[in-house]
Amino acid sequence: MSRLGVTYDVISPFAGTVERIRFRKGDKVEEGEVFFSLVQDGLSFDILSPVTGYADSLEVERGDRVIAGMILATIRQTGD
Amino acid sequence: MRVGELLDPEVFQKVVENGETILNHIIVNERIGVLADFGPIRNRHGNVTGAIIVLQDLPYIEKMAMEMEYVKNLNKDLQGILSSIYDEILVLDAKGVLLRYSGNLIKDFWEIDKEQLIGLNLMELEHEGTFFSAIVKMVIERRKKVSVTQESRSGKNVLAVGNPIFDEAGRLERIVIALRDITETVMLKEELLQAKKMSEKYKKELEHLRDQKRYAKSRQLIYASDKIEKVMKYIQKIANTSSTVLLTGESGVGKEVFARTIYELGPRSSKPFVKVNCGAIPETLLESELFGYERGAFTGAHSNGKPGYFRMANKGIIFLDEIAELPLNLQVKLLRVLQEREIIPIGGSEVVEVDVQIIAATNKNLEKMVEEGTFREDLYYRLNVIPVAIPPLRERPEDIPLLALHFLHTFNEKYGRSTQLSQDALDVLESYAWPGNVRELQNIIERIVVTADDDLIEACHITPLLKKGKRQYMQQRIHKIIPLKKATRAVEEQLIKMAMDEYKTTSMAAKVLGVSQSTVSRKFQEIQEKMSRGEQIGRNI
Ligand SMILES: Nc1ncnc2c1ncn2[C@@H]1O[C@H](COP(=O)(O)OP(=O)(O)O)[C@@H](O)[C@H]1O
Ligand SMILES: [Mg+2]
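Chains as they are written, first to last, in the numbering used here: chain X, 1 to 80; chain F, 1001 to 1541.
Note that these hints are calculated values from the structure, not bench results. From a predicted model like this one, the values you see are computed outputs, not experimental measurements. Where is the CB? At the ideal position from N, CA and C, for every residue including glycine.
Now the stretches of chain X that chain F is said to cover, found in silico as 3 or more residues with beta-carbon under 8 Å:
1) 25–32
2) 50–64
Simulated coverage check for chain F against chain X, where a stretch passes if three residues somewhere in it have a Cβ under 8 Å from a Cβ of chain X:
3) 1188–1195
4) 1282–1293
Required output: the full structure, derived from the provided sequences and hints.
So this is what it looks like as structure tokens:
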């Protein structure tokens, strides 16, 4: 793990409802992996992880409503 | 003591110059807290010549006043601290009315002077409203911290953190929204990410070059058998088409070697060859790995998108290894690529044309999977345009000595040794059934080269490394006397099995064995029953 603990945000691109969360705090996450599924107007969208790292914090729970730009989770990047 | 040290000179002036009387004046500083009454002293003519000051020590006032002073200082400190962490802080009541604010750095976020907004409900504002009312609503709904990022019109990245504050009864009392200009942080993080990606890319390129070098060294596809010769002829014929190839065969038979051979013989050899192991990539990742995603596509603000293997392989070949592991939802998407020659990156609204030849490989029986419903039939037919079946090593024992010597040479070089295989050793290798095929042979030779005490490797060094009870066709000489009937039967079984494996139909097998078709068909049925019970064929020689 890097000593520089740079975190990146998983951001909701639009308003919707959290349908699924695929990771828990501390889980290893790969760039491009589906992190959340959000439902908007009955359609489900996958929100991908922007980086590879470890899930650092989860800001929402299943069923939560979210708004555009909202930080849903943070991912701490690994050093390698 | 001079007046100015103790008292406000201005007050004193008023008394002595204007002759005013001032009562109940509070004097507070770090040292004292007193209540002072001032009165002028006049001479006979009414002129003020002095002042009388009555000081009353008021400890409680002192205490209160000092506390006030303390709070004032604290407030200043707090503002200082807050403004160094956050650029702006807004304090709202539970309904969203702006009570106070501090800091004014993110100017272009506000259309009007914030001072004018005090007392107004932010949820009802026009311009700033959409952003802030969404946050306020979110805080009220969630009763939890909410962090939202937004780009301002001038391109600044602003982070807003809304925090609810509750009273003792748990009622929402205040909403504090802290704003921070994170433009620079975002930029730096983005740069860091790019730098990391570049270094990863170089690392991969380096590995690829190293791989190629290693591969070039052992590039030769080693074979002596007619079976592989046939496959090679077929491959040469099809190499010039860009049709989809489906390589089948047990694990370790060399499917990847054949895929690369097709690539090298064909017109795409100067373009990329991209290998994707469908079984090794997590299902959640596979789609974006294959098809990529667009910049910002649902990944949040900090991403540049990813081309995906298909675009990386453009004009070249994509080798989809372990295709049977592809989940059904992606089978649909792959089918689309095969039909339309275009992909839709995740989050992309437009299709992207790709010119890629597909070579798929599997050790599974796809036809059976189609029957079981775990592999799409339409995809199977799309992949099975040019089927190439690589026979297992035990069906082409002529290749074994050649491969063994080839690997021996490679590993001798690698480990700086000069081991040799005795004829006995080669015989043992040749008579083994190789359930793990060429890969197993390769591994065993490597182990022998690494562990051999002497340079000459004998049969007795090899036998312990081979899995027992796996021999199918025993090409050994007979070592002990057994009843002739038993031996004849065993040889018969072997011959029929071999003939059927090779020629597939009982009529052809009967022809080469020189017996009637009904004999072959009856005996082969017995063999199959035996095999389905897990018994071995051709035992006891
Ligand atoms: N005909 C061959 N000549 C030389 N090496 C071979 C040959 N067939 C297989 N190999 C080697 O055996 C190993 C397994 O082959 P691979 O192509 O990975 O098998 P598969 O993909 O069918 O499981 C590889 O290291 C490969 O280089
Ligand atoms: Mg393989």
